[in-house]
Amino acid sequence: MKLTVWTYEGPPHVGAMRVATAMKGLHYVLHAPQGDTYADLLFTMIERRDHRPPVTYTTFEGRDLGEDTAGIFKATCQDAYDRFKPQALIVGASCTAELIQDDPGGLAETMNIPVPVIPLELPSYQRKENFGSDETFYQIVRHLAGPMDRTPDVTVNLLGPLALGFRHRDDIEEVKGLLYEMGIGVNVVAPFDATPEDITRLGAAHANILMYPEHAEAAARHLEKTCGQPYTKTVPIGVGATHDFVKEVAQICGVEPKTDLSRLRQPWWSKSVDSTYLTGKRVFLFGDATHVQTAARIARDEMGFEVVGLGCYNREFARPIRALAKEFGVPALITDDYLEVEQAIADAAPEMILGTQMERHIGKRLGIPCAVISAPVHVQDFPARYSPQMGWEGANVIFDTWIHPLVMGLEEHLLAMFREDFEFHDEAGPSHHGGHSPKPIEAARTPDRVEEGPSESEAPETGSDVMVWLADAEKELKKIPFFVRGKARRNTEKFAADQGLHEISLDTLYEAKAHFAR
Amino acid sequence: MNTPTSVPATTCRDAPILKERGQREVFCGLTGIIWLHRKMQDAFFLVIGSRTCAHLLQSAAGVMIFAEPRFGTAILEEGDLAGMADAHEELDREVARLLSRRPDIKQLFLVGSCPSEVIKLDLARAAERLTQVHAPHVRVLNYSGSGIETTFTQGEDACLASMVPVLPSTDQRELLLVGALPDVVEDQAVSLLTQMGIGPIRVLPAPRTAETPGIGPNTVFACLQPFLGDTAAALTRRGAHHIQAPFPFGEEGTTLWLRAIADEFGVDDETFARVTDAPRARARKAIANASEHLNGKTIFFLPDSQLELPLARFLTRECGMEAIEIGQPYIHKGLVGPDMDLIPAGPTISEGQDVDKQLDRVRAARPDLTVCGLGLANPLEAEGLTTKWAIELVFTPVHFYEQAGDLAGLFSRPVRRRSLLKLEAAE
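Residue numbers (our numbering), protein chains in the order written: chain L, 3 to 520; chain C, 11 to 437.
Heads up, a few of these hints could be off.
[Stated by the list, open to error] Restraint-style ranges between C-beta atoms, simulated for each label pair:
(1) L/Lys481 x C/Gly209: 53 to 61 Å
(2) L/Arg85 x C/Ala291: 35 to 43 Å
(3) L/Arg267 x C/Ala298: 52 to 60 Å
(4) L/Lys87 x C/Gln51: 47 to 55 Å
(5) C/Lys367 x L/Glu111: 24 to 32 Å
(6) L/Lys26 x C/Glu88: 41 to 49 Å
[As the list claims (entries may be wrong)] Stretch-level coverage of chain L by chain C, calculated; a stretch enters the list once three of its residues show a Cβ under 8 Å from a Cβ in chain C:
(7) 10-18
(8) 95-104
(9) 486-494
If you're looking for bench data, these hints aren't it; they were derived computationally from the structure. All C-beta atoms, glycine included, are put in the ideal place defined by N, C-alpha and C.
Sequences are here, hints too, so could you generate the full structure?
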């Protein structure tokens with residue numbers, strides 16, 4: 003057993019639903035008790051989809067358990083086929099149905115349903131949502147796709163975008179644009195908006211663009227093996243990565259690496275003088291491996307931030323994330339334990355978090371601004387406007403999104419200068435945030451919960467537990483604007499600890515400031 | 011006032027019930043935790059379940075709660091199922107960890123889920139054992155919120171029912187109000203009854219374990235919510251007397267509910283009028299304002315919150331709506347019977363659900379307003395139907411006089427919105 007408060011990933015059948023919901027003409031028959039229908043709202047409420055996910059649940063109840071749950075499955079399967087007339091069915095079990103061992107795949111096979119029926123084995127008690135999406139898409143491809151004649155012109159498939167993804171819808175358009183500039187056509191995009199019939203045409207492309215390894219790597223490998231299609235390893239998020247992507251695609255497809263940079267504003271925005279204030283901002287990255295990997299590069303090379311911690315929740319990608327962390331000289335955090343992530347962020351005391359919906363909670367508690375870079379996401383991360391992460395426009399969007407939670411360049415100085423102003427002061431937070439300013443870091447230092455309990459008193463002898471701030475130093479600290487106050491406090495305490503001091507005076511504060519000056 | 015309520019010749023209570031079984035679009039009972047963990051301030055809800063349970067709680071609640079929740083999930087893993095680990099030992103360890111991290115917890119609920127029911131994990135035994143280990147500081151109880159046994163609001167019923175056997179005994183004549191309501195509404199109820207001279211009044215669930223009410227043969231209780239059948243039965247078994255009445259939604263429901271209690275406590279008409287006349291008038295006025303947009307409109311209830319029949323009574327009798335179908339996950343006539351008595355026969359009364367068939371009926375009827383769960387609301391809106399998602403009805407203060415206008419407003423807002431938007435013209 004493992005105790006959890008929030009989870010980054012749902013169960014594997016939710017991953018399968020994300021594939022099914024992204025596609026058209028496919029139906030998922032899920033052996034599951036009535037409560038599992040909650041998953042529908044992920045798509046209709048969070049993603050604002052205007053139709054129900056194409057999933058029929060068997061909805062067995064307690065009284066059915068001693069009787070014929072297999073019969074219920076078969077009847078539901080037949081009803082679902084008759085009602086929805088899909089081009090293909092996928093069938094599987096949720097965690098509870100897995101325990102009653104009805105074997106949906108085997109049952110469906112005996113039913114003479116006149117379309118392909120694809121059984122899914124998704125072990126709920128071992129695996130999670132991203133495994134579910136990757137495995138489901140792989141099984142669909144394995145059952146439906148095969149070698150065939152290539153298209154006369156150079157074409158590729160885009161693999162991986164699905165329902166509930168972070169900006170997948172817009173990323174597709176951006177990648178299509180990049181390919182179009184090189185004269186490369188798109189054969190099939192899948193799972194997003196693909197039909198089972200489209201899947202049968204995958205083999206006609208010359209190569210595959212693996213947009214999201216979490217969701218389509220198994221399928222890409224399979225197609226490489228069976229159809230001889232190479233696939234891309236670079237995910238084009240960020241300016242540098244997009245350039246690399248263009249080169250990689252050109253090389254794989256044997257075309258000229260052409261691209262139109264006229265829409266790309268990010269590099270100039272980053273170089274512009276107002277961005278000077280971004281220098282060395284300490285950021286903490288957490289999310290799915292793909293987005294964290296790309297975000298780390300953007301943060302360091304394209305925004306001039308300092309990455310003070312990074313990690314991912316999907317253990318399947320632990321190795322590349324560890325390698326990346328090593329390159330950045332920070333510890334890698336590979337965990338799906340929300341409380342562990344919160345602790346690591348609190349310890350690193352970053353000036354900004356680049357994370358998921360979960361980290362937005364953490365940021366809110368700790369008073370640290372947060373921008374979302376990865377799923378899991380919430381309704382506000384499905385904006386009405388065009389808002390990709392990939393390609394040139396994605397780089398522009400990322401610049402805006404990441405700096406928005408921060409105080410702007412000139413404002414930093416004004417806040418320091420007019421600290422006592424009754425309308426314009428640091429408690430009010432960044433002026434462009436209206437009522438949504440992050441709470442000052444001071445408040446976050448006295449958490450309103452007892453969960454630390456005894457462990458806090460056993461904490462190692464560092465930090466403010468054993469540091470005494472003398473009154474004048476404390477007063478001076480409060481004069482520092484809130485968005486750097488946490489850093490000043492932490493640096494000063496570290497400096498004092500290194501010096502073997504237990505008291506912090508005004509002098510200690512300024513000596514520390516000089517020590518850490520950059 | 012006190013004119014006999016007009017009761018139609020044939021009512022919904024006698025109407026045949028369309029019983030359906032098939033795919034349902036309801037939450038499971040675990041979702042009750044979302045409001046219960048805030049209501050009982052020193053309680054913690056530990057679901058013994060799968061990753062799906064954790065994901066459900068997160069999806070249904072996570073993104074709305076910004077304080078650390080007083081609930082969690084002990085996720086069953088491969089080892090627990092294969093017998094490689096003793097699930098009870100694992101549970102004891104996780105509970106000990108949890109209680110040391112949260113020393114403010116006085117009451118711990120072990121909440122059964124679908125997987126823990128299927129593998130027949132004996133949570134009653136675990137609760138007994140853990141109570142012995144952690145007594146007197148923590149009391150450990152158990153109930154099932156599993157989707158194979160319970161729907162949505164039924165989880166609250168199971169939770170409260172699990173508390174009844176351990177309530178202390180008392181011979182005092184006390185009024186017990188049963189059901190978790192937002193504090194503001196609970197206070198109004200207590201205030202109205204107190205003004206009539208009724209008391210002492212106790213509430214289940216109490217906000218803190220120390221305030222847990224006693225129970226005995228002189229206890230009389232009234233339910234605040236129509237889904238508390240098991241709790242009512244458990245209280246009756248302990249000798250308490252159940253006051254049946256329509257539920258306190260709207261001016262009429264609130265008056266009838268209060269009147270039933272007042273009668274039990276011998277409150278005279280004059281006192282009753284003195285306490286209720288002014289708020290009754292306010293409620294009527296507020297409803298009149300909000301129901302302007304509801305008058306003459308048709309409504310279709312898909313089963314979800316278990317509040318459907320009492321709400322249909324309110325909307326048809328006080329807001330002038332016409333009900334086409336009233337679907338409820340299950341119909342407990344002992345609780346909703348008085349509400350059914352007031353609804354004239356006519357609308358289809360359905361129990362259970364076969365969602366695709368029911369949606370066919372919705373599409374055929376094209377009601378002006380459809381009340382449904384979150385999973386169906388946007389798809390129906392996309393088909394041009396106006397919807398009211400049911401979950402707000404359990405989170406928003408809607409009971410009693412002062413909220414009667416707000417309750418009508420919850421239903422009129424989507425209707426008003428539809429008439430406000432001029433999107434098609436802009437395209």
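(message) Tell me the hint numbers this structure goes against, listed in increasing order.
(response) 2, 6 and 9
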